[in-house]
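Chains as they are written, first to last, in the numbering used here: chain A, 1 to 358; chain B, 1 to 358; chain C, 1 to 358; chain D, 1 to 358.
It is worth saying that the hints were derived from the structure and are not from the lab. Beta carbons are placed, not taken as given, at the ideal position from N, Cα and C, and that holds for glycine. Incorrect hints may appear among the rest.
[As the list claims (entries may be wrong)] Examples of chain A residues toward chain B, derived with CB under 7 angstroms: (1) H125; (2) A184; (3) F185; (4) L188; (5) K248; (6) V250; (7) G255; (8) R262; (9) Y271; (10) Y272; (11) F304; (12) K305; (13) P308; (14) A311.
4 protein chains.
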Amino acid sequence: MSFNFGENIKISLFGQSHSEAIGVVIDGLPPGEEIDLERVQRFMARRAPGNKVFSTARRETDEAKVICGLLEGKTCGSPLCAVIKNTDCKPGDYAAILDVPRPSHADYCAHIKYKGANDIRGGGHFSGRLTAPICFAGAVCLQILERLGVFIGAHIQSIGEIEDRRFDPVTVDATQLTTVTKKAFAVLDDELGQHMVDLIEMVKGQSDSLGGVIECCAIGVPVGVGEPMFSGLENRLAAAAFAIPAVKGVEFGAGFASAKLRGSQNNDEFYYDHKGQVKTKTNHHGGILGGIASGMPLLMNVAFKPTPSIAMQQNSISLSKKTNTTISIKGRHDPCIVPRAVPCVEATMAISLLDLMV
Amino acid sequence: MSFNFGENIKISLFGQSHSEAIGVVIDGLPPGEEIDLERVQRFMARRAPGNKVFSTARRETDEAKVICGLLEGKTCGSPLCAVIKNTDCKPGDYAAILDVPRPSHADYCAHIKYKGANDIRGGGHFSGRLTAPICFAGAVCLQILERLGVFIGAHIQSIGEIEDRRFDPVTVDATQLTTVTKKAFAVLDDELGQHMVDLIEMVKGQSDSLGGVIECCAIGVPVGVGEPMFSGLENRLAAAAFAIPAVKGVEFGAGFASAKLRGSQNNDEFYYDHKGQVKTKTNHHGGILGGIASGMPLLMNVAFKPTPSIAMQQNSISLSKKTNTTISIKGRHDPCIVPRAVPCVEATMAISLLDLMV
Amino acid sequence: MSFNFGENIKISLFGQSHSEAIGVVIDGLPPGEEIDLERVQRFMARRAPGNKVFSTARRETDEAKVICGLLEGKTCGSPLCAVIKNTDCKPGDYAAILDVPRPSHADYCAHIKYKGANDIRGGGHFSGRLTAPICFAGAVCLQILERLGVFIGAHIQSIGEIEDRRFDPVTVDATQLTTVTKKAFAVLDDELGQHMVDLIEMVKGQSDSLGGVIECCAIGVPVGVGEPMFSGLENRLAAAAFAIPAVKGVEFGAGFASAKLRGSQNNDEFYYDHKGQVKTKTNHHGGILGGIASGMPLLMNVAFKPTPSIAMQQNSISLSKKTNTTISIKGRHDPCIVPRAVPCVEATMAISLLDLMV
Amino acid sequence: MSFNFGENIKISLFGQSHSEAIGVVIDGLPPGEEIDLERVQRFMARRAPGNKVFSTARRETDEAKVICGLLEGKTCGSPLCAVIKNTDCKPGDYAAILDVPRPSHADYCAHIKYKGANDIRGGGHFSGRLTAPICFAGAVCLQILERLGVFIGAHIQSIGEIEDRRFDPVTVDATQLTTVTKKAFAVLDDELGQHMVDLIEMVKGQSDSLGGVIECCAIGVPVGVGEPMFSGLENRLAAAAFAIPAVKGVEFGAGFASAKLRGSQNNDEFYYDHKGQVKTKTNHHGGILGGIASGMPLLMNVAFKPTPSIAMQQNSISLSKKTNTTISIKGRHDPCIVPRAVPCVEATMAISLLDLMV
């Protein structure tokens with residue numbers, strides 16, 4: 001079931017880019033948990049389109065309306081359902097792609113899969129807009145996780161060739177995570193961030209687009225969370241992260257870099273710290289061993305391909321005429337979705353973690 | 001349920017490194033499918049430990065005995081169960097790690113998770129030995145996939161710093177896939193392969209270990225296979241691949257490299273080929289768009305960390321004394337598990353694909 | 001996950017009796033299926049409360065608003081979400097039961113389970129009102145099933161001691177099923193139905209309530225639908241039917257009566273009819289053998305306990321004072337929910353069957 | 001997935017009547033639980049065929065061999081797999097039914113479903129023999145449940161027209177449950193039991209067979225166990241019980257009888273007992289309200305149809321000739337499977353309950 005995720009906390013997404021509304025049902029939340037909806041809304045605002053240089057011109061407040069599941073602000077054991085209206089649809093922009101699939105979009109695959117019955121407007125249910133209800137669910141889970149001592153934060157690790165600093169894999173703390181999530185442009189080094197913004201602006205001017213990498217960290221995950229084999233932290237976190245459109249790679253700790261290290265370099269030695277807590281001196285394992293949390297900071301990198309919607313003319317096909325043709329994509333698109341994807345990555349991590357923890 | 005995988009084809013693994021046996025139950029196979037068990041056994045032999053330089057000294061034939069699910073060599077609608085005896089156990093080797101967890105192994109996490117009740121011998125149910133039943137299940141799925149026109153093959157993309165050539169992402173065909181899977185050392189370029197073998201031997205002599213990357217490819221996956229959001233090909237293939245111990249990263253198509261490309265570079269333009277089939281000129285998307293197969297070769301890279309078991313002395317802790325101490329790991333360990341992991345990656349891809357296709 | 005049902009067609013319910021709205025998400029519907037929403041609404045109207053003698057005084061049109069999943073009236077591959085507003089809530093009626101659980105209601109169990117955080121108004125998420133979205137989902141599935149040649153209909157088999165005629169288990173056809181579902185009071189024998197109505201009116205006057213049995217039938221289910229063991233038709237149909245509040249028993253074919261028969265009486269002999277179709281002369285098996293459809297009419301009886309909400313005074317407890325006390329239930333309640341439950345039983349059968357058929 | 005059951009404790013069955021072996025994998029058991037395998041074997045012996053009047057002549061010790069999942073007699077976090085050899089197969093007995101399906105057996109449905117590829121010997125994977133691994137899993141769960149204070153016992157409520165006494169729905173205790181499970185013929189009233197045995201013997205002499213009802217009870221289930229809607233105790237217990245071949249009906253508490261009661265008769269009034277515990281004066285609800293345990297004894301009745309295998313000649317069809325014909329079933333069959341099904345019902349209850357409790 002592709003719009004459902006979770007074993008204990010079950011997320012059911014619904015909606016298309018241009019349907020009346022989109023939303024999410026969250027089943028299995030522990031009862032009596034206070035959910036601060038204003039804080040949820042602030043979390044969602046980090047994803048929402050705005051007038052920033054690096055974002056689509058589509059304007060939506062993305063106000064999520066809770067229609068059940070809360071009683072006086074607390075979870076009541078009933079599924080929590082939130083609905084977000086689609087208010088700023090411009091279906092006219094998508095007329096061409098009914099026939100000419102956009103390169104590196106899901107248009108062609110969806111057309112074959114659904115035999116032409118799918119909603120092509122705005123990408124239908126493949127739209128990045130579906131990450132809004134993912135963010136809603138993640139924001140709810142985050143509040144519960146914090147009460148369990150778990151904090152999550154992410155930053156833009158790179159856009160194009162420009163790389164931000166990394167979280168210190170051993171010493172990163174809740175303050176650092178909270179700080180970066182409050183920034184308008186989520187980087188650890190604001191100067192590098194400004195370079196990224198400049199790059200986005202430049203590439204946008206070239207009718208082109210950019211990808212990037214997001215680094216996401218969770219601290220406070222209790223030792224033992226996660227299951228062996230198919231329900232390991234890596235399996236579950238990756239399974240959730242790949243739901244975000246444009247994600248093409250996921251790695252944990254040193255990830256692909258660890259493939260180049262020797263065992264003597266990559267191994268993380270255990271020790272008792274001065275408080276008697278078991279820690280590792282390094283953290284190439286990204287807080288996960290055998291699929292299970294080690295208690296060290298959990299570290300995940302997520303790679304995003306460049307936005308496939310670009311204004312320059314591209315080759316494609318006419319599905320009706322069965323001939324080769326060209327397409328120039330109009331409409332409002334982010335030249336780089338990475339900045340807006342930061343809370344989405346946090347959200348998928350939050351959903352996966354809480355699912356394994358309750 | 002961590003030992004279970006699949007929605008339509010359900011895999012249930014069981015066993016520990018030093019239990020009497022390990023095995024797998026496969027539920028949901030289509031009825032009437034002929035399964036060539038000798039071919040299954042040959043597939044499993046690629047994973048089995050031998051006397052090669054790069055492998056553990058543990059010797060086991062890994063003979064899988066089918067105890068139900070086949071009638072006269074064909075699937076009969078009943079779950080297929082195969083049992084593999086553990087014949088060459090040396091529990092004595094693991095006495096030390098009952099108290100001193102091995103760095104970058106699951107020992108410590110498992111000890112906390114299972115409150116000391118877990119089987120530590122050989123890593124218990126975290127052992128790489130559990131990939132034997134995964135290979136069995138994969139080999140069964142592969143035979144059914146071939147009848148559906150799908151072929152899967154993988155090779156060692158890199159060991160340490162040495163990189164093999166890559167599959168051509170556009171033109172790779174069944175012959176190339178079959179050829180590489182028949183090699184004793186699965187590389188495209190045998191000369192580079194010999195360098196890898198030399199490197200493994202050298203590093204083994206240093207009591208150290210190596211990681212690497214495996215590139216796995218499937219061709220013939222029909223357009224439309226895969227579901228949006230959480231059941232996309234990437235989600236499912238990653239969820240399965242991370243079950244292989246030591247995997248720390250998974251990427252599709254250009255993966256992390258695509259994060260550095262412009263949209264105009266990364267986009268794969270559609271065209272009708274001379275047979276009237278829709279193809280893309282390049283294949284940075286690795287055969288997956290919106291989680292759904294595009295019909296182009298499906299390409300996945302899987303990163304393996306270096307074997308954590310190394311003979312040189314390392315720092316660790318004594319769980320009983322709650323003090324820092326050191327450990328020198330004895331026992332029989334692969335200096336690099338990547339060569340033996342090649343069929344495991346193929347197997348997880350086969351299981352995931354068939355699950356989405358039936 | 002208790003509000004979710006289905007492996008292939010996934011139903012996710014949400015809402016409480018007195019939340020802003022209730023609804024359902026249906027994931028996995030085949031694409032391109034036309035859904036006649038007016039017909040769905042007519043189906044739901046059979047369940048909706050009215051001013052009939054046997055129904056609650058609560059008035060709601062139960063208008064389901066589809067907010068996504070349909071494109072020009074057809075399923076588009078995206079989950080279908082329908083929302084039903086709660087417009088006629090009278091929370092005041094339920095003040096007492098915050099402290100004094102109603103006998104044979106879920107109040108007490110829910111209070112303990114959710115540690116007092118549950119929504120007690122109108123029974124919260126245990127309310128029979130949640131059968132409205134079940135009916136919506138069932139009505140959608142029914143339209144798709146009809147295109148597959150499957151027809152479902154149910155009637156009131158008994159209320160109190162008064163029994164309706166039964167469907168002929170061998171010859172029942174689509175016309176008979178359709179006819180009874182169109183009746184205002186769904187019985188095969190209208191005279192017996194009038195006796196039931198009279199009985200309900202009488203018992204209502206006594207401030208008491210009645211239970212009953214509903215017989216539900218499906219014809220046209222292809223031979224082979226259903227899986228052995230835990231996914232048999234009986235397992236799945238029962239698992240769905242018990243979601244309807246007040247259901248206390250489910251049986252198939254001769255059910256409990258078959259326990260009193262000899263094998264020679266109960267066995268249903270096979271024969272080829274004049275069209276060369278395999279049939280059975282009798283149908284004690286209710287169309288299901290080994291969990292799998294035999295092609296004969298599928299027959300299920302569902303037992304409903306009498307409405308627990310009765311106006312006469314009853315003994316109960318004060319949760320706050322921890323003392324024994326009494327309760328007189330006010331509010332608007334059906335003296336017998338069986339007539340309104342008829343479409344609910346059809347709906348659960350439709351959902352279960354389509355889930356096993358796609 | 002039809003051979004799988006459970007969300008938290010996952011049961012995977014495998015095997016056919018005449019395959020080399022049958023068995024079960026149990027994933028998700030809490031670690032460190034001591035499992036007394038001799039006691040498990042004694043539980044299974046209650047189901048095993050013997051030389052009693054009411055049983056098949058097939059003799060098998062049904063010795064379950066644990067091949068993994070236990071370490072020094074305790075669960076170790078790894079799935080527990082038990083294998084039971086099929087030692088006394090007589091495939092010759094089933095030659096005829098390859099072509100002539102036995103009335104009221106799954107033969108015909110399976111033949112169509114699996115396109116003739118299914119194993120017809122002994123009923124293949126539809127055989128009652130598959131209840132042996134169910135009993136194994138149940139016996140394991142029972143031992144864990146007892147440590148949680150839950151006790152389960154069942155008795156033959158009726159065979160044909162002869163009815164045993166019932167458990168007192170309010171006062172039944174662990175001693176009574178334990179006592180009846182230790183009897184060779186599980187009835188509360190041994191005199192009535194003797195009548196049942198006599199009836200079985202008589203009917204056997206007539207080449208006919210008998211059905212019956214089993215009443216199963218659990219005490220000590222904590223208030224709050226079970227989930228609303230689709231994961232209610234009734235839903236889950238029924239979903240498991242219908243996996244036992246020949247089960248045609250399941251009811252809870254007063255069940256179908258409650259459909260004939262008035263609300264004032266059926267309602268179970270709450271009160272605080274002298275220990276300050278909440279109880280109900282009567283127990284028509286069978287310990288379940290809104291799908292959730294009330295703390296009162298949990299009561300379930302399960303109806304079994306008469307054994308369909310009878311020696312007298314019956315009408316059937318020839319699948320190859322497509323003509324009507326007759327069949328006389330040879331082989332070793334129970335004239336009444338109800339006595340041997342008693343532990344099977346207990347087992348399905350144990351599996352369902354533990355799954356909802358961990």
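Taking the hints in turn, this is what the structure says about them:
1. H125: For H125 (chain A), the interface hint holds, since the closest Cβ of chain B sits about 6 angstroms away, which is under 7 angstroms.
2. A184: violated, 22 angstroms
3. F185: This interface hint is violated because 17 angstroms lies over the 7 angstroms limit.
4. L188: violated, 17 angstroms
5. K248: holds, 5 angstroms
6. V250: At about 6 angstroms, which falls below the 7 angstroms cut-off, the nearest Cβ of chain B leaves the hint on V250 (chain A) intact, so it holds.
7. G255: With a closest approach of 4 angstroms, the G255 (chain A) hint holds.
8. R262: holds, 5 angstroms
9. Y271: For Y271 (chain A), the interface hint holds, since the closest Cβ of chain B sits about 5 angstroms away, which is under 7 angstroms.
10. Y272: holds, 6 angstroms
11. F304: holds, 6 angstroms
12. K305: Constraint on K305 (chain A) satisfied, holds at 4 angstroms.
13. P308: Hint on P308 (chain A): holds, closest Cβ of chain B at ~6 angstroms, below 7 angstroms.
14. A311: violated, 10 angstroms
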